[in-house]
Structures are given as structure tokens and as C-alpha cells.
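Undergrad: Numbering (the numbering used here), first residue to last: 98 to 502.
Straight-line distance between alpha carbons at most 27 Å, and here's what the computed DSSO-like set of lysine-lysine pairs gives: (1) Lys223 to Lys439; (2) Lys361 to Lys325; (3) Lys325 to Lys419.
Note that these hints are calculated values from the structure, not bench results.
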Amino acid sequence: MCLIKCSFQFDPIDNYLLDCGSPTNSSIRDRVFLADTSDSDHRFLSNPEQESVNTSNSQPISSTYGSSLYTTARIVNKTSNYTFSINQHGRHFIRLYFFPFPLDAGTYNLTTARFSVSAHGFTLLKNFQPDNTPVVKEFSLNITSDELILTFTPSPNSFAFLNALEVISHPNELIPITARAVELPHTHHNLMTQALQTVARVNMGNQTVSPDNDTLWRLWNPDGTFMKHNNLVRFVSNISAVNYTAGSPAFDIAPLSVYGTATKLDTESDPGALLNNTWSFNVDPGFSYLVRFHFCDIIERPPSELILNIYLNSMSVAKDLKLGDQMSNIWGAPFYLDAITKLNGNGILNVSVGTSLAFGAYPESILNGLEILKISNSNGNLDEGGTGVENRIPIPSRSGSRSYR
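Based on the sequences and whatever the hints tell you, model everything.
TA: Here you go:
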């Protein structure tokens, strides 16, 4: 699989990878994270009154990302900036790595850190207190200036820390210019000027896709954790069926490992039933969310239509969607569908894909992948001041245990 990924490797124009607090560079497979004070060509860190710390824990840290990135940290006690020159305007990922590892007695207790992070006029994190497990916070910002300033502001009587960070340009087409809301009157939201935060990135078929096997170094979590019912569900894999044709999504939209696996709802035993497969996610209420459904028909079946009904919290995203029409009737061609929904109330987002009773519909439904991204509000905020232990999404580690995003 790595050979497939490497053949289509995305080469970002802006590619800043920093191992914060480390005295030396760190190699994470084919990526090199620089020590955050080692590059004299870039004034990365503004505050001379900062400290670097190392973990006192001799036990290996289990993480899907490079575990060595969580063994050092940069601590700042007052407002401090990381500054990066931007060579290509447009969408960039900002990934922030946090793990409050143990330190020797008498030094900092990283679990008590509380701070805010802002960039390009947006509040990314507010009064954030990281949970006691490795975490990566991922954001997408449309950078329109020649410089990106990432500001860390400790809360009163506290401090900020960071284990590692990434600032990398990504294809602009990854985020749509506009997307349609499922709520009436189905207005289109302009996303060009919005910041987004990844809340969930899920691979159906219940298989993890590691950053090594994604051209943009994204992590896709298995969907089994989020399923509400699975008595009629079957996980399928048919990698060889995926056909990236002209006009279909490229590898950068989602990798082969996502489009080549699926969760299938099978109602052949009762073809007249109208059933849904539902995944449930905890999200912050009061925000709008961009939800992307990834489809690829990789299942051989008798010649008939695969027609789907798609819902977000019981609101229709698409009714009687003929998947073949969306894929130009090319078997194995990828397709994705975007929708926006506003979350209020309890902050539960249910995502459902089900069968259709339309004439000629085959009694099954599939979904290959799912992404949920929080959209900044009218105040430019992605966080209204909760702590890092709220609304966590489980992340499988390399050992099979779970950490949280």
C-alpha cells in the first residue's frame, strides 16, 4: 500500500514540521520534523522566555503518529508566536500535537496547562486543557497573507505547551467553495473565508488508514466505534475495484484504502424494508458542520440500481440518490457528497445511509468514508472555551488501545 501512496505523493509548497522542545530533528518515517529553534532562516518562536522539557516516563508512548514527537515539549508562560513565511496562498493544514507527559517532581505539571491558540484572525482553541492522552488537533485555514502567525496565549495563572506542529499547504479543492445546508431554506454557505476543524475522519469497512497511507498524512479511524446497530451490517473490502477515472475525486480527496472498503447494509432477506445504517458522533453544539460522504461502488451485484437515502439527524441530505448516475455508471469510480448542518441541543450528530423503495432499487446501501468538519462561527471562533476532555473522538493507537482526539 505504501507503494501506491508514494506514487501519488502530494508535495506541499509550504511544509513546516516542528518537533517542539527537541534539541535535534526527528525523522518520522519519510518526514523530518525540525527542532523548533534550529532554523535560523525562519523566526519560528518569538518569545525568548520559553523552556523545553523532556518526559520522565521511560515507557513507550503508543500513538498512530510518531511516538517520539510526544517526548518533548515547548513551554511558554506568556503570549508567544510561531511565525511562518507563506509561499503559496490558499488552504493550509495546521496540526497541533499535545500530550501532557509526566515530568520530574518540582517542575511543570503539564496536565494543569490551560491556554488559547489563534491564527489568521481565528480562535482555534480557547481555554484548552489537553486530556491525558496523545492528541492531534487539525485545522484548515485559507491563508491569504505572506505570513502565518500562530499565537499561544496562556490562561491567567497558567501556561501553554506544544509537543509538535505542522503547517502544510493542501489542495484548495479539498474544501468546497460553497456547500448546501440540509435545514430549510437550504441556503449555500460560503466556506472560502471560514476556518474548519476536523472533528471526525472515518473509514468505513472498520479499518484504520494510517497517515502513512494517505497522501496528505491524514488519519482515518475505523467506523465500528460509532455504529449504533450492526445486526444487518457487513464490512467489505475490494481495493482492486477502485477506479480513479477522469472527473472523479483524486487520491488527495480520499486514498485508495478508503474508497476500497465499505460498510454495507444488506436487506436481501426483507427487500421491502426501508432501513438505515447509522453512525453517531459527539460534537460541540452551536456550530455548523461540513459533512462529507465518500462513496465507491465496489460490490458486485445483479444489474440494478444502487439507490440511497441519506440523512443527518433525520433531515434529508439526498433522497433516492442513484449512485450510478453520480459515477457516470463507471463501476468502482469514487464520488463524494457534501452537506452542512447546524447542531443545537445535545450535540449528537447522527449520520444515516439507507435503502430506497424506488423502483428498481437494490435492497442494500453502502458508505466508504465520512468526514465531519466544524465551521468557524460568525465571531471567527472554532472553540467557545470548553476543555480538551469534552467531545472526544476515539482514535485507535498502534497497540490497539484507544487515545482521543
